[in-house]
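Residue numbers (my numbering), protein chains in the order written: chain A, 1 to 318; chain B, 1001 to 1071.
Take the hints with a grain of salt, since some may be wrong.
[What the hints assert, rightly or not] Below are the DSSO-like pairs computed for lysine-lysine, each with C-alpha atoms no more than 30 Å apart in a straight line:
| id | chain 1 | residue 1 | chain 2 | residue 2 |
| --- | --- | --- | --- | --- |
| 1 | B | Lys1067 | A | Lys209 |
| 2 | A | Lys18 | A | Lys76 |
| 3 | A | Lys226 | B | Lys1067 |
| 4 | A | Lys236 | A | Lys209 |
| 5 | A | Lys18 | B | Lys1067 |
| 6 | A | Lys282 | A | Lys236 |
| 7 | A | Lys65 | A | Lys187 |
| 8 | A | Lys282 | A | Lys26 |
[What the hints assert, rightly or not] Some chain A residues near chain B, calculated using beta-carbon distances under 8 Å:
| id | residue |
| --- | --- |
| 9 | Phe102 |
| 10 | Leu131 |
| 11 | Ser132 |
| 12 | Ile228 |
| 13 | Leu232 |
| 14 | Pro268 |
| 15 | Thr292 |
Bear in mind the hints are in silico, worked out from the structure with no lab data behind them. Every value quoted in this text rests on a predicted model; they were computed, and no experiment measured them. We treat Cβ as the ideally placed atom computed from N, Cα and C, and that holds for glycine.
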Amino acid sequence: MLFALMAGRGTAGQRSVKRQAAGDVKLDFRTDDDAVFSRPVSISHDRDAVYVVDAEENEIRVFSKTGAFIRAFGRKGQGPGEYDSPADLDISGDRIFVTDRFNKRIQILDREGGYLGGFRVPFTPDQICVLSGGLIVLSHLPLGIEGPEPMVHGFSEKGDLIWERADSRYSGERVYDTFRNLVVMVKGDREDVLVIHKSDERRVLRFDKGGKPGAPIRVTEDYASKRISLPLRGPKRLISAFCWDASFDGSLLGLLAPDYTEENDLGPGRTVFLIEPDGLLKDIIDLPTAVTRIDMEGDDIYAVDSENCLRIFRRRQE
Amino acid sequence: MKRAIALVLAGLCLLSAFLFFPQAAQGRRPDECYGNWNSCRVNAFNMDVSWFRMALALTVCDVGLGKCIID
C-alpha cells in the first residue's frame, strides 16, 4: 500500500482546518479490465463491497473494499435484470435498488443481482436513496419545457408516489436550466436526503422521510464556488460551479470541487472538502488525481478517476 | 404596385410559416423529439466532460430538438 501524507493547517471561520493528502490503496487497477469502465455514473458501498454503475455497459460491477473484482450483473434490455442506462443504486439491508433510467423504472435486486421486483415511474429517474421504512427517494433531471417541476420524489416500495419536492429552476433557456438543475443527492444521517446543486446554489437542501424540508446546510464561503462563462445562446451567462460530485459519511458532507483546466474550462477536480453539519469547513483532502465520482467511508474514498478507472484512496488522521 | 407585391409576399411567407409549423410538429410526434433530446442531454452529462464541452454538447442536443420539431 502506498500512502502519501502531507498535513497542513489553516483556519476557516474560527476552526482549524486540516489539509491532508490521500494515497492509492491499490495501484494496479489500470491493468485490470474489470476496473476500467465505459461510462461510470455512480459509485457506492455497503458493509462488504463497492458497487460501480456503468451506464453504457448497462451493468453493475461489484468489488471488494480492497479493489478485487467480485462479480458483474446486468445487460441491455427491458426485462428483469436488464437496463437501459442505469444511473445509480442504493443498498438497503440485503437488497439493491437501481434506477433504470430510460426504462423509467426502479429495479430491486438481491446482493447477487437476482431480480426481486420493482416499479415504474413517470420520469427518467436519476439518483436514488432508500430510507428506513422502505421510503425510496428519487431525483430526476427536469425537462424544463413548461415551467418549474419537482426534482425529488418520495415513493413507497410498491411504487406509490408519496411526496414531491425541490422545484427546478426555469428560465426558458434549456441548456442554462439543465446546468442549474443538475443535482447530487446523498443519504444524510437523520433518515433524510441531502440535495446538492452542482451550480448556482450554496445551500444544501434536506428532506426527511415525509418530505418535510429540514434546515439547509449553508456552506461556508471558505469553500469557494468557481465561476465560468458558458457558450449559451442568448445573453452571456456566468455560472457558479459548486461541486462535481458529493458524498456523505458520518456527519460530514464531502464536496468534490471542480478544477479549472488550462483552457479556463471547468473539469473534474482532485480536492475533496469536508463540510460539517453547520456548513463550516472541517478538512481538505488532496487526491493524487482528478476524479469524477466519490464515495467516502471513514478514511477511505472510493472513486472513479477521469480515465474511468476505479481508484481507492486512503487518508490518515493526524 | 411594388408595395402591394411586397405585402402579398410577406403575407404568403407568414401564412406558409403558420401552416408549416403545426403540421410539422404533428407529423414528427413531439414526444419522440423530446425523448431523443432527453437521451441526448443525459448522454452529454454522463460523459463527465468539462463544462464548456458539456454546454456545447447540450446545445447540439437543443438544436437537434428544434430541428426534430420543425422537420
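message = Tell me the numbers of any earlier hints that the structure contravenes, in ascending order.
response = 1, 2, 3, 4, 5, 6, 10 and 11
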